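Sequence order for the protein chains is A and B.
Here the first sequence is numbered in the working numbering, starting from 1 and rising by one per residue.
Here the second sequence is numbered in the working numbering, starting from 1 and rising by one per residue.
Quick caveat, the hints were computed from the structure, so don't treat them as lab data.
Note that the structure is a prediction, hence the values are computed from the model and not measured.
Ideal placement from N, C-alpha and C gives every residue a C-beta, glycine not left out.
Incorrect hints may have been included.
Claimed, not checked - Looking from chain A toward chain B, a few residues come up when the C-beta cut is under 10 angstroms (computed):
id, residue
1, Ala69
2, Pro75
3, Lys81
4, Gly110
5, Phe190
6, Thr192
Claimed, not checked - Covered, in the sense of this in silico footprint (three residues per stretch, anywhere, with C-beta under 8 angstroms from a C-beta of chain A), are these stretches of chain B:
id, segment
7, 31 to 37
8, 66 to 77
9, 144 to 158
Protein chains: 2
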Amino acid sequence: MQLLEERIRKDGVVREGNVLKVDSFLNHQIDVSLFQEIGREFLRRYDACSINKILTIEASGIGIACITAQYFQVPVVFAKKNKTSNLSADVYRGRVHSFTHNRDYEIVVGRDFLLPSDRLLILDDFLANGSALEGLLEVVDQSGASVAGAGIVIEKGFQEGGAKIRARGIRVESLAIIDSMDEKNGTICFRTTS
Amino acid sequence: MQLLEERIRKDGVVREGNVLKVDSFLNHQIDVSLFQEIGREFLRRYDACSINKILTIEASGIGIACITAQYFQVPVVFAKKNKTSNLSADVYRGRVHSFTHNRDYEIVVGRDFLLPSDRLLILDDFLANGSALEGLLEVVDQSGASVAGAGIVIEKGFQEGGAKIRARGIRVESLAIIDSMDEKNGTICFRTTS
Numbered sequence: 001m002q003l004l005e006e007r008i009r010k011d012g013v014v015r016e017g018n019v020l021k022v023d024s025f026l027n028h029q030i031d032v033s034l035f036q037e038i039g040r041e042f043l044r045r046y047d048a049c050s051i052n053k054i055l056t057i058e059a060s061g062i063g064i065a066c067i068t069a070q071y072f073q074v075p076v077v078f079a080k081k082n083k084t085s086n087l088s089a090d091v092y093r094g095r096v097h098s099f100t101h102n103r104d105y106e107i108v109v110g111r112d113f114l115l116p117s118d119r120l121l122i123l124d125d126f127l128a129n130g131s132a133l134e135g136l137l138e139v140v141d142q143s144g145a146s147v148a149g150a151g152i153v154i155e156k157g158f159q160e161g162g163a164k165i166r167a168r169g170i171r172v173e174s175l176a177i178i179d180s181m182d183e184k185n186g187t188i189c190f191r192t193t194s
Numbered sequence: 001m002q003l004l005e006e007r008i009r010k011d012g013v014v015r016e017g018n019v020l021k022v023d024s025f026l027n028h029q030i031d032v033s034l035f036q037e038i039g040r041e042f043l044r045r046y047d048a049c050s051i052n053k054i055l056t057i058e059a060s061g062i063g064i065a066c067i068t069a070q071y072f073q074v075p076v077v078f079a080k081k082n083k084t085s086n087l088s089a090d091v092y093r094g095r096v097h098s099f100t101h102n103r104d105y106e107i108v109v110g111r112d113f114l115l116p117s118d119r120l121l122i123l124d125d126f127l128a129n130g131s132a133l134e135g136l137l138e139v140v141d142q143s144g145a146s147v148a149g150a151g152i153v154i155e156k157g158f159q160e161g162g163a164k165i166r167a168r169g170i171r172v173e174s175l176a177i178i179d180s181m182d183e184k185n186g187t188i189c190f191r192t193t194s
């Protein structure tokens, strides 16, 4: 998605350790008009897929999911990071490893909000090692819902997440795929996609 | 806001300890079409206030903020819950007490994203004891930005937060104010507002 790639080049900052800071428009400050274009692009790619619900994970997936949901005219469900040792039976659970904070955490979704009849689009801002998406898929598997695919704003194509999720037979549409970044001169190379 | 009060009566569940569960449409599953009406109502109330940015706090404020921001045509900034002991000088900090989890946590906003010239609308899903709003105001005070007011979806009028924030001279617009709830028979009494 050209508009997005241009914005990443303009406002993204490459930091040591393959970190890409996009907090001026994506995951701290949010450019809602860009999100509208992102939402329309997800609709273009998934319009024929009978999606009836969008699933995401707190926190930075929520904005993208809500704006996009307007174009699909469907509700959003966001998985919550479990902060309690609550052993409630009324949730589905998944495990996510945070490489940023170097720890595992549990995510939960209320059983009432994922049904076997649901056809889901899973959205998130980043796909790198794929751990968040794997945690969400673990939750979905328990519910019996089906997954039309995943929609990602920025995929780090040089990390293994995308290949791992696609190898499971899950469709993954990433609006920008970064093949390499260089923090010394700030260059970002995007994969050429359709 | 009548549509919202009707929805709370229909789908809200009153639990022991003055807990109101609205996770089927507000803060776990999200009814985006309801959020659009909420956004339009915030615009109606704050349209003449020269707002140039919406400030909220992760996680459940983000959806309301993003949908509402479309009507104001302004960006969103969300305060992050600080998970690291990062002593970075490039953030403003505030303290929030969570009564649900009975602990304090720090919230941070990057200095680049709150400017003295900003005229803010602060949005959140709930106002009860007012701690989240106080933490956000602490952040805003450091930045020198000004606050046009706060927009709240559901205020628990029987808790002290609303009175406390209004006593500071801050305009607070709550779309539904609950004066009392009864978990035995499930009744919810709303304050009559303009």
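Hint check:
1. Ala69: holds, 4 angstroms
2. Pro75: Holds, about 6 angstroms.
3. Lys81: At about 8 angstroms, which falls below the 10 angstroms cut-off, the nearest Cβ of chain B leaves the hint on Lys81 (chain A) intact, so it holds.
4. Gly110: At 6 angstroms from the nearest chain B Cβ, Gly110 (chain A) passes the 10 angstroms test, so the hint holds.
5. Phe190: violated, 24 angstroms
6. Thr192: Hint violated; Thr192 (chain A) Cβ to chain B Cβ min 30 angstroms, cut 10 angstroms.
7. 31 to 37: The restraint on the segment 31 to 37 of chain B holds, since 5 of its residues have a Cβ under 8 angstroms from chain A and three suffice.
8. 66 to 77: With 9 residues in contact (Cβ-Cβ under 8 angstroms with chain A), the coverage given for the segment 66 to 77 of chain B holds.
9. 144 to 158: It is violated: at least three residues are needed, and the segment 144 to 158 of chain B offers just 0 whose Cβ sits closer than 8 angstroms to chain A.
The structure does not agree with the numbered hints 5, 6, 9 stated previously, though it agrees with the rest.
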